[in-house]
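Asks: Chain residues, written in single-letter form:
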Amino acid sequence: MILDKAKVKHVAKLASLPLTSEEEEKFSKELGETLDYVEKLNEVNTTGLEGTNQVTGLVNVTREDVVGPSFSQEEALSNAKETYKGYIKVKAILSEEM
Amino acid sequence: MDLTNLTITSAKKGLKDKKFSSLELTQAYLDRIDQVEDKVKAFVTVSSEQALIDAKKADEKLSKGEDTALLGIPVSIKDNFNTSGILTTASSNVLRDYIPPYDATVVRKLKEAGMVMLGKTNLDAFAHGSSTETSDFGASRNPWNTEHLPGGSSGGAAASMASGETVVAIGSETAGSIRQPASWCGVVGLKPTYGRVSRYGVIAMASSLDCPGPISSTVEDSALILQILAGKDPMDATTSPKDVPDYLANLNKDISGLTIGVSDEYFIEGIDPEVEKAVRDAIKVFEKMGAKLRKIKLFDPTHSVAVYTILQRSEVSSNLARYDGIRYGQTRDKFGAEAKRRIILGTYALSAGYYDQFYNKALKVRTVIVNDFNQAFKEVDLILAPTSPSLAMKVGASADSPMFGELADMLVEPSSIAGLPGISLPVGFSKSGLPIGMQIIGPQFSEELIINAAYKFEQEVSFKERKPKL
Numbered sequence: 001m002i003l004d005k006a007k008v009k010h011v012a013k014l015a016s017l018p019l020t021s022e023e024e025e026k027f028s029k030e031l032g033e034t035l036d037y038v039e040k041l042n043e044v045n046t047t048g049l050e051g052t053n054q055v056t057g058l059v060n061v062t063r064e065d066v067v068g069p070s071f072s073q074e075e076a077l078s079n080a081k082e083t084y085k086g087y088i089k090v091k092a093i094l095s096e097e098m
Numbered sequence: 001m002d003l004t005n006l007t008i009t010s011a012k013k014g015l016k017d018k019k020f021s022s023l024e025l026t027q028a029y030l031d032r033i034d035q036v037e038d039k040v041k042a043f044v045t046v047s048s049e050q051a052l053i054d055a056k057k058a059d060e061k062l063s064k065g066e067d068t069a070l071l072g073i074p075v076s077i078k079d080n081f082n083t084s085g086i087l088t089t090a091s092s093n094v095l096r097d098y099i100p101p102y103d104a105t106v107v108r109k110l111k112e113a114g115m116v117m118l119g120k121t122n123l124d125a126f127a128h129g130s131s132t133e134t135s136d137f138g139a140s141r142n143p144w145n146t147e148h149l150p151g152g153s154s155g156g157a158a159a160s161m162a163s164g165e166t167v168v169a170i171g172s173e174t175a176g177s178i179r180q181p182a183s184w185c186g187v188v189g190l191k192p193t194y195g196r197v198s199r200y201g202v203i204a205m206a207s208s209l210d211c212p213g214p215i216s217s218t219v220e221d222s223a224l225i226l227q228i229l230a231g232k233d234p235m236d237a238t239t240s241p242k243d244v245p246d247y248l249a250n251l252n253k254d255i256s257g258l259t260i261g262v263s264d265e266y267f268i269e270g271i272d273p274e275v276e277k278a279v280r281d282a283i284k285v286f287e288k289m290g291a292k293l294r295k296i297k298l299f300d301p302t303h304s305v306a307v308y309t310i311l312q313r314s315e316v317s318s319n320l321a322r323y324d325g326i327r328y329g330q331t332r333d334k335f336g337a338e339a340k341r342r343i344i345l346g347t348y349a350l351s352a353g354y355y356d357q358f359y360n361k362a363l364k365v366r367t368v369i370v371n372d373f374n375q376a377f378k379e380v381d382l383i384l385a386p387t388s389p390s391l392a393m394k395v396g397a398s399a400d401s402p403m404f405g406e407l408a409d410m411l412v413e414p415s416s417i418a419g420l421p422g423i424s425l426p427v428g429f430s431k432s433g434l435p436i437g438m439q440i441i442g443p444q445f446s447e448e449l450i451i452n453a454a455y456k457f458e459q460e461v462s463f464k465e466r467k468p469k470l
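So the protein sequences, as listed, match chains G and C. According to the numbering used here, the first sequence is numbered sequentially starting from 1. According to the numbering used here, the second sequence is numbered sequentially starting from 1.
Calculated from the structure, these hints are not laboratory results. Predicted model only: the values in this text are computed from it and were never measured. Don't take each hint at face value.
[Unchecked claim] Below 25 angstroms or equal to it, Euclidean Cα-Cα: the simulated PhoX-like pairs (lysine-lysine) are:
1) C:K334 - G:K26
2) C:K334 - C:K295
3) C:K284 - G:K13
4) C:K57 - G:K29
5) G:K5 - C:K334
6) C:K16 - G:K81
7) G:K40 - C:K297
8) C:K334 - C:K378
9) C:K334 - G:K91
10) C:K334 - G:K89
11) C:K284 - C:K378
12) C:K56 - C:K12
13) G:K13 - G:K81
14) C:K19 - C:K467
15) G:K13 - G:K40
16) C:K253 - C:K288
17) C:K334 - C:K364
18) C:K334 - G:K7
19) C:K277 - C:K295
20) C:K364 - G:K40
21) G:K9 - C:K334
22) C:K57 - C:K19
[As the list claims (entries may be wrong)] Residues of chain C placed beyond 12 angstroms of chain G at every Cβ, according to the derived structure:
23) E49
24) V285
25) L311
Note that CB positions come from ideal geometry on N, CA and C, so glycine has one too.
Chain C on its own, in the form it takes in the complex (with noise of 0.2 angstroms):
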């Protein structure tokens, strides 16, 4: 049996009918990681040692017909997140020697619900990027092809999702950052409303946007998994008090009746035709399941672009003053080219004589995105829409280009900009054996029929059985 190629459900029955133990399974992952890992280079730290004694603490459990949502199962996490004990480095120079005391919400939450975790994900540094190309570690690759790029910034998640490393990958999206490597991986990545998940310990990039969440291989697992995270969290006031609905009670319920939109707007020039296509013909596929299509014309997403990238270089020249290598990290002088870019471009802009110029418009047209999202989904319930406007692209394709991560998230900024939720999933593949992602994308806190849908197409059409050559 192939322990590497399972979701969290199949994993958990497996667990319970007594086909492998926890230790089996996560020795299996390990294996994996170690077979692999040389051509996909996810990882910072693979933590060996620690998710074997993990794993044996949690068949004890199982042995004593303990039950908890994630008991034995093997999680990788985002080297972003703040790990108790276990190196954190953002995949900054700045933090490569950074022990964490203390979880992040998240990870404490993951590990109340049983986790194994096998190991920290690269990432573009300080998530700065999507293409992982930013990491002071070097790049991740794409397992489907490995002169290719896995997107980013949690390009580490997805490429460990997608090679089998791991059963299920925990990321972060400040926008974009869970959806396009998902989509350029072929996996699925949901990206909760903003305030759903905790961002306690996230090491942060733009606070008024970031956003933690699963990638995992089925939707399903993606639903299992924001039902761990999400809530109020003391500890990070943006959180929503809003309760918390059971993710999983309508995963197959009739989306007949479904009012979907689709924006022409979102089919941009230059747009890959092989990712519009796909992401047209699954659109049909949703028609065909008895929702009702609806065209609409939303924002032009290229001045989602320009709002995106005035907020978040000002909240990350805010956010990154805090290192300064007293308390923790390096010194200044380690950040990584792209970092010292926002800096410098963020403060410009949060400088004296600039501030209304710059933020005080970004935030000023990000409520006209905010308003025209409102308008839409009067109209509709959910809206549907290419993830990347592109293909993953080949190594080294972020060099030198300023933009690149704008520009390639453009299809998924405004959405993050208004703190909706999204969900993307593989919809196809391209002739030359590349994944193609379509995003759904509904109004605040709508992760529900978000994940509804997203089951309900996955049922029809799907690539589980699908798996990269490595």
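One chain only, chain G, in its complex shape (with noise of 0.2 angstroms):
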């Protein structure tokens, strides 16, 4: 099979991966052979079964919540692109314009 071209565009939209029109091509075809494979999973009858999350069956682990030594403001800063007065700055997602 092959997956549709828009529907690669829109989940990459959902993944806010930018792709050029070559890589959309290609992974059309492409994941299109991956998902023909995967259909051999309706081969197996999982008629009554519960899928397995977690291998070996821990549910729900907590931990006191104790205060601890962390990062420093600049150790938390120190991979960031652009930072202003001890903040990571980001690309304006709001205009004045309305």
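Build the complex: two chains, separate frames, hints provided.
Replies: Right, dumping it as structure tokens:
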């Protein structure tokens, strides 16, 4: 099968992933092949079975909420591309015009 | 004395007996890296300066009579473990300038044990692959024949081990990434039970599967490393609270009386005949040692490929969502083709209308695989199988094959999906001189027994003396 190019575009938007038009073309074909392969899942009867998320069976693991040492502001910001007075600077998402 | 041909145990003895210092040992490995790295390309970063500082510190401690498990021993670390102050890239351009402000729990424990870190080894970018060919910094090479691949994703780790560039290497496995490169490079690779070793600070691939572990020249060295790494970590809620046994205590225990399962389903169609023969011969060695062999029928591994593909792509798309280029790292257009491919498929599989069809269905088939192994382990103690159906493939083999890794790792995926531990160890060589590996799989938390069985085999059949010519 072929994963429709429009679908690839839509999914790329959901994943906030910029793709070139060549990549869209390529992935629609390649991902189609992968989806063909995973069709095999339907050959397995799973009626009445629950899915397994956590293989060792741990549930609701909690710990005491104790205050401990953490990153300094300097460390926390050390990899940010742009900072301003101890904040991480991001692109504006709102503009003045409404 | 050749210092680049040591195990942890022999290096520790040499240090203790003052045959050499940690500084001399570390310098010998750095020289070896200088000498062969052009051919092997195992490392992304060689942190020589820090290594020499750490070696000097280790020598001071040694001279005071201090003794910790890895004091003064050179180690290579896969570049998807956060290392404080040392570049950590996951072999991706997205993280090409990322300097972590903290250590992964695994790294912290190794440091506390006294290791001297030599550097960070190459992997498939974000561990997406089984060849190192998806690394944004170029593929590593197989030390046995540099026209061939080392496997992956811990390919740099296995190559550094096989080429004598380190005493021991740390890798990580999601489904095959320790065992398969260990097999292709002729070294030992131990993948622990899911949750036995902390994932904190390991750059996440598929969180329900990821598992750090050692790649080493001997079974004993792998046991020694697991001893350091295993245990509950408050920073990783999926680590098990189970007690950590002494993995070295029963190394040499008699294995006669063990029942060992062999499944024809794992000698798949298309398996390399030399691989099949070497593994079947190795199985006979277990029989000679007194183990009982039993034929079992395991669930067709090709179904595991489908389960793994969906679970892994889905978890990848979620884990890679954090790379926004704002807090750290580069922007999302810097992802390589393989990461993009996986993000798209994973996002698709998790998106409205497809979740049940793909992700939920894969989780249910995962239950089938778990039940299948549980059933098998009612009849047998351990399972033996080839690690990889093929010998190390040639450079370029993974290009334009969107399922390359999944198919190369078909025989290690089922046990990873079920969270089981496994070890790959060398059992022979092809006529062309490439290594062949066999895996031993056991029930969850049976590392002790796996290590025992692997050690006994190694006493019978060992390739430690055979080294690649570089």
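Asks: With reference to the structure, classify each hint as holding or not holding.
Replies: Here is how each hint holds up against the structure:
no.	hint	in the structure
1	C:K334 - G:K26	holds (17 angstroms)
2	C:K334 - C:K295	violated (49 angstroms)
3	C:K284 - G:K13	violated (55 angstroms)
4	C:K57 - G:K29	violated (56 angstroms)
5	G:K5 - C:K334	holds (21 angstroms)
6	C:K16 - G:K81	violated (47 angstroms)
7	G:K40 - C:K297	holds (19 angstroms)
8	C:K334 - C:K378	violated (48 angstroms)
9	C:K334 - G:K91	holds (18 angstroms)
10	C:K334 - G:K89	holds (20 angstroms)
11	C:K284 - C:K378	holds (22 angstroms)
12	C:K56 - C:K12	holds (15 angstroms)
13	G:K13 - G:K81	holds (24 angstroms)
14	C:K19 - C:K467	holds (23 angstroms)
15	G:K13 - G:K40	violated (28 angstroms)
16	C:K253 - C:K288	holds (15 angstroms)
17	C:K334 - C:K364	violated (35 angstroms)
18	C:K334 - G:K7	holds (22 angstroms)
19	C:K277 - C:K295	holds (17 angstroms)
20	C:K364 - G:K40	holds (13 angstroms)
21	G:K9 - C:K334	holds (18 angstroms)
22	C:K57 - C:K19	holds (18 angstroms)
23	E49	holds (20 angstroms)
24	V285	holds (31 angstroms)
25	L311	violated (10 angstroms)
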